[in-house]
Amino acid sequence: MTLERGASTLVTLAVLVIFGVLGGACSSAKQFLRETFTTRPTTYRATYDRIGLFHTTEAKPPQGLVLWKKKIGRRAHSEPLVDDMVVYIGSPGGSLYALHVADGRKHWTFDANCPIQSAPLANRDLVYVGCETGTLFAIDSESGFEKWKFDVGAPVRPAPMLYNESLLVLAQDGTLVSLGAMYGREEWRAKLPGPLSGSAAIEGHLLYAASKNTLFAFDLKRRVIAWRFRGNKAFSGTPAVAYERVFIGAVDGMVYSIHRETGRQVWSFKAERAIRGTPAVFDRRVFIGCEDGHLYALNIIDGKIGWRFYVGKPIRSAPIVVSDRLYFGSENRFFYSVGVDGKLRWKVQTGGGINGSAYFRKGRLFTVSADGYLYAIH
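Here our numbering is used: the first residue of the sequence shown is 5, the next is one more, and so on.
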């Protein structure tokens, strides 16, 4: 980890020297570095569109073997994030853990002294995470020391995001604050509808989120609400954006496809019971869990059922997609691998119900169970 970053630093310095010698074009050097060396942030559900699609170069998919598990805290609500061979996970006890991917050994522990329900964000050498007192922390990813903190004023449960080199922090009450990502200075703020049902998604210059029965798009350039869509009942989870559509479920069992630019409904689907999770989108299908115990695969064009997979207990976990497989958990304490064809590949029993979104990295899956453990599955 340190070796890779050291090499990157040497290359960066070399580029700066070259640009200085060849004409002293500082602005050109900065532009070159921005385009060449800006790392892609590691975020909740892999990307800001929140569709849950993870890419891999591994020849074999995970086989359903528990490599290790680590006690995080009773009824942990934060979701794991993996960056540079370290997995980060917040705890209800107020700690952010950095654990080695290979064996779960502690890299460091940061004490926020307030419960953490937010999924972290990692970018360059910083890890950002919010907590229930309304504080957003920026933590050095190597040492675990606090770099800076910012008081948003309300619980920070949605995952932080980066947009145009600024850090967007969204609080549970709908307060949106834009900060300088390096030093945490406030740039601007806006008040969005609240309370929020989950995290936000970003596609282009539009931010998508839901509050109660309203799904809305916020224009990050003009800093105004672009459109609102109202459902019959409260929305749940985080919107997913793909194919120029926004997909989201609601507690009355409805799943909606909304045009992302206009806010107009394209189609809706009615499940038998409440939807409480976030959808995944892949191969022109929408995958979403339901309280009726089914994982549904819906056609992205018209919302018709392609197949459904039954587990016997509510599915509140947000599925993720790796290659041609879906991974998700259920209240029945099992973590599942199901093909995009709807057929079971394997399942692993944990010590409690699974409600959150898993994370995939280097052939391993990471998920949190209600027994308070973080599981690493290969």
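These are computed hints drawn from the structure, not numbers from a lab.
Source: prediction; values computed, not measured.
By construction, the Cβ of each residue, glycine as well, lies at the ideal position given by its N, Cα and C atoms.
Any given hint could be a false lead.
[As the list claims (entries may be wrong)] Straight-line C-alpha distance at most 30 Å; calculated DSS-like pairs for lysine-lysine: (1) LYS317 to LYS216; (2) LYS75 to LYS366; (3) LYS274 to LYS225; (4) LYS366 to LYS110; (5) LYS366 to LYS308; (6) LYS308 to LYS74; (7) LYS274 to LYS317; (8) LYS274 to LYS237.
[Stated by the list, open to error] Ranges of calculated distance between the beta carbons of each label pair, as one might list FRET restraints: (9) SER170 to ARG277: 35 to 41 Å; (10) ARG312 to HIS382: 43 to 49 Å; (11) ASP107 to GLU62: 40 to 46 Å; (12) HIS263 to TRP112: 43 to 49 Å; (13) ARG193 to ARG109: 38 to 44 Å; (14) LYS64 to TRP152: 39 to 45 Å; (15) HIS59 to LYS317: 29 to 35 Å.
Status of each hint after checking the structure:
| no. | hint | result |
| --- | --- | --- |
| 1 | LYS317 to LYS216 | holds, 25 Å |
| 2 | LYS75 to LYS366 | holds, 22 Å |
| 3 | LYS274 to LYS225 | violated, 35 Å |
| 4 | LYS366 to LYS110 | holds, 19 Å |
| 5 | LYS366 to LYS308 | violated, 34 Å |
| 6 | LYS308 to LYS74 | violated, 40 Å |
| 7 | LYS274 to LYS317 | holds, 18 Å |
| 8 | LYS274 to LYS237 | holds, 12 Å |
| 9 | SER170 to ARG277: 35 to 41 Å | holds, 40 Å |
| 10 | ARG312 to HIS382: 43 to 49 Å | violated, 28 Å |
| 11 | ASP107 to GLU62: 40 to 46 Å | violated, 19 Å |
| 12 | HIS263 to TRP112: 43 to 49 Å | holds, 45 Å |
| 13 | ARG193 to ARG109: 38 to 44 Å | holds, 40 Å |
| 14 | LYS64 to TRP152: 39 to 45 Å | holds, 42 Å |
| 15 | HIS59 to LYS317: 29 to 35 Å | holds, 30 Å |
Hints 3, 5, 6, 10 and 11 from the earlier list are contradicted by this structure; the remaining hints agree with it.
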